[in-house]
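In order, the protein sequence lines correspond to chains S and B.
1 is the number of the first residue of the first sequence in the working numbering; add one for each residue after it.
1 is the number of the first residue of the second sequence in the working numbering; add one for each residue after it.
Since the hints were made in silico from the structure, they are not lab data.
Hints should not be assumed to be uniformly reliable.
To be verified - A few chain B positions that, by computed beta-carbon distances, are all more than 12 Å from chain S:
no.: 1; residue: MET1
no.: 2; residue: GLY123
no.: 3; residue: GLY211
no.: 4; residue: ARG214
no.: 5; residue: ALA243
no.: 6; residue: GLN255
no.: 7; residue: THR265
Stated by the list, open to error - Quick list of simulated restraints, FRET-style, between CB atoms:
no.: 8; chain 1: B; residue 1: GLU87; chain 2: S; residue 2: ARG72; range: 53 to 59 Å
no.: 9; chain 1: S; residue 1: SER61; chain 2: B; residue 2: THR63; range: 53 to 59 Å
no.: 10; chain 1: S; residue 1: SER61; chain 2: B; residue 2: GLY112; range: 48 to 54 Å
no.: 11; chain 1: B; residue 1: THR159; chain 2: S; residue 2: GLN80; range: 54 to 60 Å
no.: 12; chain 1: S; residue 1: GLN46; chain 2: B; residue 2: ASP197; range: 45 to 51 Å
no.: 13; chain 1: S; residue 1: ARG45; chain 2: B; residue 2: PHE230; range: 52 to 58 Å
no.: 14; chain 1: S; residue 1: SER61; chain 2: B; residue 2: GLU246; range: 24 to 30 Å
All figures in this text were calculated on a predicted structure; none of them were measured in a lab.
Each residue gets a CB set at the ideal place from its N, CA and C atoms; glycine is no exception.
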Amino acid sequence: MSTPSFGNQESVRRWFDSRAGLWGPGSSDDGLLDWLEQFCTKVERQPNELIDECLRAATDSDSLVLRTRARRRYIDAIAQFELDNASRDAANVVRSFFIHNGVAMNPTVLR
Amino acid sequence: MEVKSVIGTRRSIRFFEPWREVEREKIQAILEATYRAPRMLETDFLRIVVMYRDRLSEEELATLQTPTTTAQLDMAPVVLIFYAESEAFEASKLEANHQALMDLGVLNPSHGWTKERYASSVGPYLQGLADDADRVPISFGRDAGGPTVSREVMRLARTAIGVAQTFALLAAVDEGLSAQLSAINTTTVKAMMGIPDSWIPSSPMLLGYHGESRAAGGQRPREAFEEDFFELRYGHPFYREPAVVEHLRECDMIQPGAPFPWRMTEVRALARKFGLPD
Chain S
1 MSTPSFGNQE
11 SVRRWFDSRA
21 GLWGPGSSDD
31 GLLDWLEQFC
41 TKVERQPNEL
51 IDECLRAATD
61 SDSLVLRTRA
71 RRRYIDAIAQ
81 FELDNASRDA
91 ANVVRSFFIH
101 NGVAMNPTVL
111 R
Chain B
1 MEVKSVIGTR
11 RSIRFFEPWR
21 EVEREKIQAI
31 LEATYRAPRM
41 LETDFLRIVV
51 MYRDRLSEEE
61 LATLQTPTTT
71 AQLDMAPVVL
81 IFYAESEAFE
91 ASKLEANHQA
101 LMDLGVLNPS
111 HGWTKERYAS
121 SVGPYLQGLA
131 DDADRVPISF
141 GRDAGGPTVS
151 REVMRLARTA
161 IGVAQTFALL
171 AAVDEGLSAQ
181 LSAINTTTVK
191 AMMGIPDSWI
201 PSSPMLLGYH
211 GESRAAGGQR
221 PREAFEEDFF
231 ELRYGHPFYR
241 EPAVVEHLRE
251 CDMIQPGAPF
261 PWRMTEVRAL
271 ARKFGLPD
C-alpha cells in the first residue's frame with residue numbers, strides 16, 4: 001500500500017485533482033498510485049522530484065520551463081517500465097502523472 | 001460537397017486512423033487546390049513537400065516530433081510540409097512577369113497597368129521591398145543565423161502560405177479526409193529532406209482519415225461575432241442578421257457547437273483505443 005506521505009505530495013494531489021476535474025469523481029484510485037509508486041521506486045525518486053527535474057522556474061517570469069533532457073530521460077524510463085511490466089496501461093498511468101503536472105508525454109500510438 | 005458545408009465541417013482533427021493510407025490521387029487533388037490559391041504580388045512563393053509517415057524509420061519519426069505533437073504525427077499517414085521560396089520574389093518582380101500578365105489581360109490599363117508604369121514606379125517599388133534594410137532571418141531557433149529576407153517579403157511569403165494552407169484544409173475535407181495544421185521539428189525536416197536555405201518554413205498539415213468522429217465534439221467556440229467584425233468604423237459591430245445565420249445553419253456552415261455531451265467519453269475511449277494516456 002502507498003504511504004500517506006507519498007500520496008499527499010503536491011504533484012500527486014495535482015494529478016488526482018486534474019483527473020477528477022477532467023474525467024469526473026472516481027477517476028483516480030489506489031491502482032494508479034500503486035503503479036506510480038512502483039515507477040518511483042525504480043527510478044529512486046519521489047513524485048515531486050520527478051516534476052521538479054522536468055520543469056524549472058523561469059528567471060524572468062512566474063512560468064515554468066521544460067527541461068528537455070530530463071523529460072527525454074523519463075520518456076525512456078517509462079518505455080522501459082512498460083517493457084518490464086508488459087503493460088501499456090501501467091506505463092500510461094505514469095505518463096498521466098507527468099501530463100497532469102504539465103509535462104507533455106506521449107507514447108507511440110498503438111496501431 | 002458544397003463549399004459552405006466544407007467550411008462548416010472542417011475541424012482540426014487530432015485522432016487519425018493510423019492504419020488507413022491516403023490515396024495518392026486525393027493528395028494530388030489537395031496540391032492542385034493549393035496550386036490555384038491566390039498569390040501575393042503574383043509571386044510563386046509556395047512549395048510543398050509530401051512526407052509519408054510509413055517511409056520514415058522510427059528514429060526519423062521521433063526526431064520530427066515536438067513535445068505536444070507526438071500522437072498526431074504517429075497517427076497521420078501523410079504530412080504536407082509548407083514552405084515559401086523567398087527567392088521567388090526575385091522572379092516575380094521582373095518586368096517580364098508583369099508583361100506576361102498584361103498580355104493575358106490580368107493586369108490592364110483600366111487599372112493603371114502599362115509597361116511604362118512598371119518601369120517608372122512598380123519595378124522600383126518591388127525592388128525596394130526586396131532590398132529593404134529591415135530584414136529578418138528565414139529560419140528561427142537552431143537554424144537562425146542563415147540567410148535573411150526583407151520583413152515585407154517575409155510578410156508576403158507567410159500570407160501566401162496561409163492562403164495555400166486554407167485551400168489545402170478545405171480541399172482535404174472535400175476529399176473526405178481530415179487534417180490539422182500542426183508543428184514539426186523544422187530543423188530535422190530541413191536536413192532530412194534537403195530543403196534549400198532560401199525556403200521559409202511554416203506549419204505542416206497532418207492528413208489522414210479521421211479517427212475521431214468527424215464533428216470532433218462540435219464547432220469550436222469563438223469570440224462573439226460582434227467583437228471581431230465591424231461596419232463603417234472600429235467599435236461599430238457588423239449587424240449579424242439572424243435570417244442569414246439560419247440560412248448558413250441550413251447549409252451546414254454553422255453546425256452544432258462544442259461541447260457535445262458525449263465528447264469527453266469519446267476522447268477517453270479514443271485514448272484507450274490508441275494506447276494513449278489519460
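Inset, instruction - Hints the structure violates: just list their numbers, smallest first. - result: Violated hints: 3, 7, 8, 9, 11 and 14; rest satisfied.
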